[in-house]
Amino acid sequence: MSDIIQSLAAGLAMGAIYALIALGINIIFSTSSIVNFAFGDLAMISTFISFSLMSTFHVPPVLAVLLSIAAGMAISLLMQVVVIRPIGIHNLENRFEWLLILLGISIIFKNLARIIWGPRPRAYPNIFNDSNVTIGNVHLSTQELWILIVAIAIMVIIEWMNRSTRLGWAIQATSMNKEAASLIGINPLRIISYTFLIGGGLAAVTGILIGPVTFLSPEMGTMVGLKGFSAALLGGVGSPRGGIAGGFMIGICEALASLFLPADYAPAIAFGILILVLLIKPTGLFGRTIIEKV
Amino acid sequence: MALLDINNLFAGYEPGVPVLKNISLSVEEGEIVSVIGSNGAGKSTLLKTIAGLVKPFSGEIRYRGESIVRLPPYQIVKRGISLVPEGRQLFSDLTVYQNLFLGGYSLKTNKSKIEEEIREKEKLFPILKERRTQRASTLSGGEQQMLTIARGLMSKPKLLLLDEPSLGLAPKIIQEVFQLVKELKKMGYSILLVEQLANQALHIADKGYVLEQGKIILSGSGEELRKDPNVKEAYLGV
Ligand SMILES: Nc1ncnc2c1ncn2[C@@H]1O[C@H](COP(=O)(O)OP(=O)(O)OP(=O)(O)O)[C@@H](O)[C@H]1O
Ligand SMILES: [Mg+2]
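As given, the protein sequences belong to chains A and B, one line each in that order. If you're matching positions, the first sequence starts at 1 in the working numbering and goes up one per residue. If you're matching positions, the second sequence starts at 1 in the working numbering and goes up one per residue.
Selected chain B positions facing chain A (in silico; Cβ < 7 Å): (1) P73; (2) Y74; (3) G103.
Label pairs and their calculated CB-CB ranges: (4) A:H58 with B:E120: 52 to 60 Å; (5) A:L167 with B:Q75: 15 to 23 Å; (6) B:E120 with A:H139: 56 to 64 Å; (7) B:G40 with A:E159: 42 to 50 Å; (8) B:E223 with A:L167: 43 to 51 Å; (9) A:L100 with B:K113: 43 to 51 Å; (10) B:K123 with A:N94: 39 to 47 Å; (11) A:L167 with B:E120: 20 to 28 Å; (12) B:K172 with A:V81: 50 to 58 Å; (13) B:K78 with A:Q6: 57 to 65 Å; (14) A:E159 with B:E176: 32 to 40 Å.
Keep in mind that the hints were calculated from the coordinates and are not lab data. Quantities reported herein were computed from a predicted structural model and do not represent experimental measurements. Even glycine gets a Cβ: it sits at the ideal position worked out from N, Cα and C.
For reference, chain A alone in the conformation it holds in the complex (with noise of 0.2 Å):
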């Protein structure tokens, strides 16, 4: 029973980071209809970028994370310029150029990262110093806890801002709408700019929360990114909470498989429920808007 406890907890943690990448990618879908899938390829050059700050240029921690995940909104600013701006903001919904730009952008990142920092896994500085919390019998480390903590609070922060803000409401009316958005004093181009900010920072985010949990290497974006963008699909692609529970959705039922299956099953647990939810329920769990846009 505390094993299950244990690995349940272990799961919330990967979860969270799988939640936070699926609402990097849901709210960039959502004004521009652009599925990010170099997301954890800029999680993992935002990382590398803190790495170098804090080891080779000795910038504090807290500094050289802030400092990155500005270079990760950047990044994504420049991206949505790249993608964008070959197409217009008009029909995107129907056009798929961004689908090989992205690629590209991709392959990029990745040679980017070999040639800058090295084809080898490093280890992440621990910023988070290496302890465990115990809470009844179950055991976390900080670092799980520490991403619970940040990934709940970016949550609530995201909600407050859809619910209670006059940019959230401004994105969701890009979103639903962007003629009539137009028409009342909203640039859709300079809302779709945020959407991509607000992406990169989360990038940038998740990819330091997960630095100490895997390694750093080149290809440390793909897998989480893949997963990520699952969860978004299975809660429906431009819902925000339908993306959390996807990914928490996720998180658990690998960590559980865990406790009968070897560990290299885990990515086939997340990409098998995703396909035995989507044939049961093509928009996903939450979804609705692909059916509206297609």
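Start from chain A and add chain B with the ligands according to the hints.
The following block gives chain B with the ligands in isolation, referenced to the frame of chain A:
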């Protein structure tokens, strides 16, 4: 100088396929100008072109003497032209209050100023106050139309472009809408109204234009047009 001046305007959606052909019209300050025409005549295209959603091929659109053809919609609304689009186009998952609030987006002012503006609109449309926290999609057709107009007023426009506000409404509500348009004129708004309901639209108009297949084939005062035999036959069903 007219408030809005359009000269020899050609516009459309695909290059080489003009929907609007050589349109010239003007709206003076404080006027209601009605453009009537049947399905597909180009009425919505005309308003969309003024609002910046459709880019003209050639011709001039001047607002207070200044050309606005190169401006994007979100800047045109800042100058004081507000399009109330056909088919409502509300932000359906947002509440009535949020829709109104966003209507004031172009004002770039603080929250309390926008709320003041909302309270004013709620005086004009008391039903919107009752429905404040409801999602826009849960309103009736008539309520949605009122909300669309109220949202359009939130940007404090001088010139209001109304695209078939009567569309899909019950006869009683249609009368209310036309009553409201007259009311808006009294409040100082200048109005360019586009309608299929020619009789009512011309009745409240100072000036009217008849649009057929993208061309203006007739113009005159509202009364003149209502008495015109061609208009009577084609649009008034007499
Ligand atoms: N987005 C578009 N892309 C291409 N053609 C369009 C588009 N919108 C309208 N058209 C064409 O432009 C012409 C005029 O359409 P418009 O919507 O302006 O007419 P309307 O007078 O507003 O008609 P209705 O009374 O039905 O609203 C039509 O032939 C229509 O097919
Ligand atoms: Mg129309």
